[in-house]
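Chains as they are written, first to last, in our numbering: chain A, 27 to 139; chain B, 2 to 118.
Hints listed in this document are in silico derivations from the structure and should not be mistaken for laboratory results. Heads up, some of the hints might be wrong.
Okay, derived cross-link-like pairs now, DSS-like style, lysine-lysine, Cα gap no bigger than 30 angstroms in a straight line [unchecked claim]:
| hint | chain 1 | residue 1 | chain 2 | residue 2 |
| --- | --- | --- | --- | --- |
| 1 | B | 63 | A | 78 |
| 2 | B | 63 | A | 94 |
| 3 | A | 103 | A | 86 |
| 4 | A | 78 | A | 103 |
| 5 | A | 131 | B | 63 |
| 6 | A | 78 | A | 94 |
| 7 | B | 72 | A | 131 |
All figures in this text were calculated on a predicted structure; none of them were measured in a lab.
The primary structure of each chain is shown beneath.
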Amino acid sequence: GNSVTQMEGPVTLSEEAFLTINCTYTATGYPSLFWYVQYPGEGLQLLLKATKADDKGSNKGFEATYRKETTSFHLEKGSVQVSDSAVYFCALTLNQAGTALIFGKGTTLSVSS
Amino acid sequence: NAGVMQNPRHLVRRRGQEARLRCSPMKGHSHVYWYRQLPEEGLKFMVYLQKENIIDESGMPKERFSAEFPKEGPSILRIQQVVRGDSAAYFCASSPLSSSDVNYGYTFGSGTRLTVV
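Chain B with its partners taken away, still in its complex shape (with noise of 0.2 angstroms):
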């Protein structure tokens, strides 16, 4: 049974660059979690997403980052226009739909982390 699977593991992009950072939640998980680490901070929420649907997205910039889970394939945060200050780690977790299971805790992948040049 595969854990959450990020790729890449690490990016390199130049300022003004796309990111593509790419989430596959544990299976049987509908629900998806995008986190962000900054050098020498803890987690930050970015957005919540279940399949075709963002529900909460507080954590989010309002300008370049967005995020999607569609019906099939993996969850996708989106960086246009990549500046310095978007390096970090970005982490996403998994967990499972059912509210029996809510403390379950979350899978986190491995990380992708993005450095901007």
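Pulled out of the complex, with its shape left as it was, chain A reads as follows (with noise of 0.2 angstroms):
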């Protein structure tokens, strides 16, 4: 079956510190992977994607690669702010239209001043 699998939190981060969320995926097919950040009390926000092999998704200082290899897109930051403490869910869809995210556990992220 298909189904994402995060590195389970919290992570707790001093502000400037690099940052580095695994997320590994099984899929059938060639999925696109997405990273979706929920900050405290709102919906799901989509902070990057990348929709094939070695595609490199990037949004505010965030960044994930597309490694088919290794069915990896581990999302990364070389400086979290205070303002980045979030939960952060790695996601995954066929490609086909209609089809429903695939969602990994989400991993809680608190950065500290």
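Reconstruct the complex from the two isolated chains, following the hints.
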């Protein structure tokens, strides 16, 4: 089946530290991969995406590279800020119109000043 | 261009009552998805609908839960005879019809937080 596995949190960092949140996937076919962010009390917002192998998605200083050989899509940021504190979800969808997103369990990031 | 609108934002129901959650997709989107987020867990897919059709309800509990997306008006997720275990955040997402936009991603609403007391 199709699934997403994320590293368990919470992840606690100091401001300006380097962030990595691991994500691996299992999929039939060639999925598109996404990172969503959920700030406290809010819905999910698309952070970045990649649609094929070796694509790099980036937004707001966050990056993730679609690695087909390792079936991974790890999220990275060189220098986190307090405002990055949120829950981060890795997700995939198969490249068919109307297919649902499959999410990982989410990783809580807490950044302190 | 309004995003995905969900209401109410918060809903409190007593055990045994009915809960109705509404979702208006983005303009031009004809696919609607409902997800449930339980405390300390990720989002679980519940149901996928197009106008007047349920396409995939593999994530819906077999009893008490139903969903619809009528020709006119919002999509409705209905939970009958609610129990405490139904307390969760329910999110709706919409996506475009065109297969060429399949990699666009999905736009999520802000969710309805249901509390059963």
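* Pairwise hint evaluation, residue 86(A) against residue 103(A), where the allowed Cα distance is 30 angstroms at most -> holds (9 angstroms)
* Take a quick look at whether residue 63(B) and residue 78(A) sit within 30 angstroms of each other, Cα to Cα. => At roughly 36 angstroms apart (the allowed maximum being 30 angstroms), residue 78(A) and residue 63(B) break the hint.
* Hint consistency between residue 72(B) and residue 131(A) [alpha-carbon to alpha-carbon, up to 30 angstroms] -> Roughly 34 angstroms between the alpha carbons, so the hint for residue 72(B) and residue 131(A) is violated.
* Asked: Holds or violated: are the alpha carbons of residue 78(A) and residue 103(A) at most 30 angstroms from each other?
  -> holds (21 angstroms)
* Asked: Between residue 131(A) and residue 63(B), is the straight-line Cα distance small enough, at 30 angstroms or below?
  -> holds (23 angstroms)
* Under the criterion that the straight-line Cα-Cα distance not exceed 30 angstroms, is the pair residue 78(A), residue 94(A) satisfied? -> holds (8 angstroms)
* With a cut-off of 30 angstroms on the C-alpha distance, tell me whether residue 63(B) and residue 94(A) pass. => Measuring from Cα to Cα gives roughly 36 angstroms; hence the hint is violated.
Hint compliance for this structure: hints 1, 2, 7 are broken, all remaining hints hold.
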